[in-house]
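Participant: Chains as they are written, first to last, in full-length UniProt numbering: chain S, 1 to 96; chain G, 1 to 85; chain Z, 1 to 98.
These are computed hints drawn from the structure, not numbers from a lab.
Wrong hints could be hidden among the right ones.
[Claimed, not checked] Calculated lysine-lysine pairs in the DSS-like style (CA-CA distance at most 27 Å, straight line):
1) Lys-24/G <-> Lys-59/G
2) Lys-61/G <-> Lys-24/G
3) Lys-24/G <-> Lys-58/G
4) Lys-32/Z <-> Lys-58/G
5) Lys-61/G <-> Lys-37/Z
6) Lys-37/Z <-> Lys-59/G
[Unchecked claim] Label pairs and their calculated CB-CB ranges:
7) Pro-93/S <-> Cys-73/G: 25 to 33 Å
8) Asp-49/S <-> Thr-76/Z: 35 to 43 Å
9) Ile-5/G <-> Gly-36/Z: 24 to 32 Å
10) Asp-29/Z <-> Arg-75/S: 27 to 35 Å
11) Pro-54/G <-> Ala-73/S: 45 to 53 Å
12) Pro-93/S <-> Ile-5/G: 48 to 56 Å
13) Arg-38/Z <-> Gln-4/G: 18 to 26 Å
14) Glu-9/S <-> Thr-76/Z: 34 to 42 Å
15) Ser-68/S <-> Pro-82/G: 23 to 31 Å
16) Gly-16/G <-> Asn-78/S: 23 to 31 Å
17) Gly-16/G <-> Tyr-70/Z: 30 to 38 Å
Here a beta-carbon is modelled for each residue, glycine too, at the ideal position from N, C-alpha and C.
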Amino acid sequence: MDPSSGIQEPFDLIRLSLSERVFVKLRGDRELTGILHAYDGHMNLILSDVEETIMIVEQVEGAPEGQSTVNIAKRKMNMLFVRGDGVILVSPPSRT
Amino acid sequence: MASQILPLELIDRCIGSRIWVIMKTEREFTGTLTGFDDFVNMVLEDVTEFEITPEGTKKTKLAQTLLNGNNICMLIPGSNGPDDA
Amino acid sequence: MADATPPPPPPVEVSPPPPPPTNAGSPTDFLKGVVGKRVVVRLTSGVDYRGVLSCLDGYMNIALEQTEEYVNGTVTNRYGDAFIRGNNVLYISAAEPL
């Protein structure tokens, strides 16, 4: 038993993050931060006050291997549903 | 009825032996099988991971490892992997 | 005839002890042994997460502490806590002796 957090299963981490700002990493090089309002067993999420960051990696034609430019696009949404199957990682705010 | 052996019985007989695991993607593992479950999640010891890319094969040594059965394609009992084939 | 020294007594017949509880190898046994230890979690995408395994469930959903994210061998992020959705997990490997 972890005295600092009382986490017994992974979903406890998410439960303890309700109403907090969380970081979410999604498939397709997308990242979100937002306030977590709801989640379910699929990791479907409801987030508000969301900022999305999309990394767009462009391999320059004819450039040597590994030479690529990364464009970062950001946008904001008020309220967002995230389908669980796209979720890779959720990190709650640091509780230290 | 001819003596019927289930696929997973064969794998059960490999416990304690070397096994070569080929994933659905360009990735392979060898190790000593210590156990597995109905999803064919596998626990291996003294593992080598092989990542096969056009530039060559990258090898990574791992200690005791639980391999997710989801991405496994084939198992070759008794083999020490691509270097051994 | 009788030797000066009697023959050594035969070895005492006792039922052999049960085999020691080896780190019995099933996935469940592995997971019991590895909780609280440092692990490497590799995703199918090739990204690695190194940290202390807090807990996990039957879907291989994972909670990690003191997590470092590695892409191509370099640290790209750090998280105090991280929830990793199990479908992305390729393997969980012990990063310290069990």
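Participant: If a hint holds in the structure, say so; if it doesn't, say that too.
Facilitator: Evaluated hints:
1. Lys-24/G <-> Lys-59/G: Holds, at roughly 18 Å.
2. Lys-61/G <-> Lys-24/G: OK: Lys-61/G and Lys-24/G at ~20 Å, within 27 Å.
3. Lys-24/G <-> Lys-58/G: Given that 27 Å is the threshold and the Cα spacing comes to 17 Å, the pair holds.
4. Lys-32/Z <-> Lys-58/G: The given pair, whose Cα atoms are some 30 Å apart, is violated under the 27 Å limit.
5. Lys-61/G <-> Lys-37/Z: 18 Å, holds
6. Lys-37/Z <-> Lys-59/G: 24 Å, holds
7. Pro-93/S <-> Cys-73/G: 25 to 33 Å: Taking Cβ atoms as reference, Pro-93/S and Cys-73/G lie about 40 Å apart, which means the hint is violated.
8. Asp-49/S <-> Thr-76/Z: 35 to 43 Å: Check failed, 25 Å falls outside 35 to 43 Å.
9. Ile-5/G <-> Gly-36/Z: 24 to 32 Å: 39 Å, violated
10. Asp-29/Z <-> Arg-75/S: 27 to 35 Å: At 47 Å between Cβs, range violated.
11. Pro-54/G <-> Ala-73/S: 45 to 53 Å: 30 Å, violated
12. Pro-93/S <-> Ile-5/G: 48 to 56 Å: 53 Å, holds
13. Arg-38/Z <-> Gln-4/G: 18 to 26 Å: 44 Å, violated
14. Glu-9/S <-> Thr-76/Z: 34 to 42 Å: The hint (34 to 42 Å, Cβ to Cβ) is violated, given that Glu-9/S and Thr-76/Z are roughly 27 Å apart.
15. Ser-68/S <-> Pro-82/G: 23 to 31 Å: 30 Å, holds
16. Gly-16/G <-> Asn-78/S: 23 to 31 Å: 58 Å, violated
17. Gly-16/G <-> Tyr-70/Z: 30 to 38 Å: 32 Å, holds
Hints 4, 7, 8, 9, 10, 11, 13, 14 and 16, counting from the list given before, are not met by this structure.
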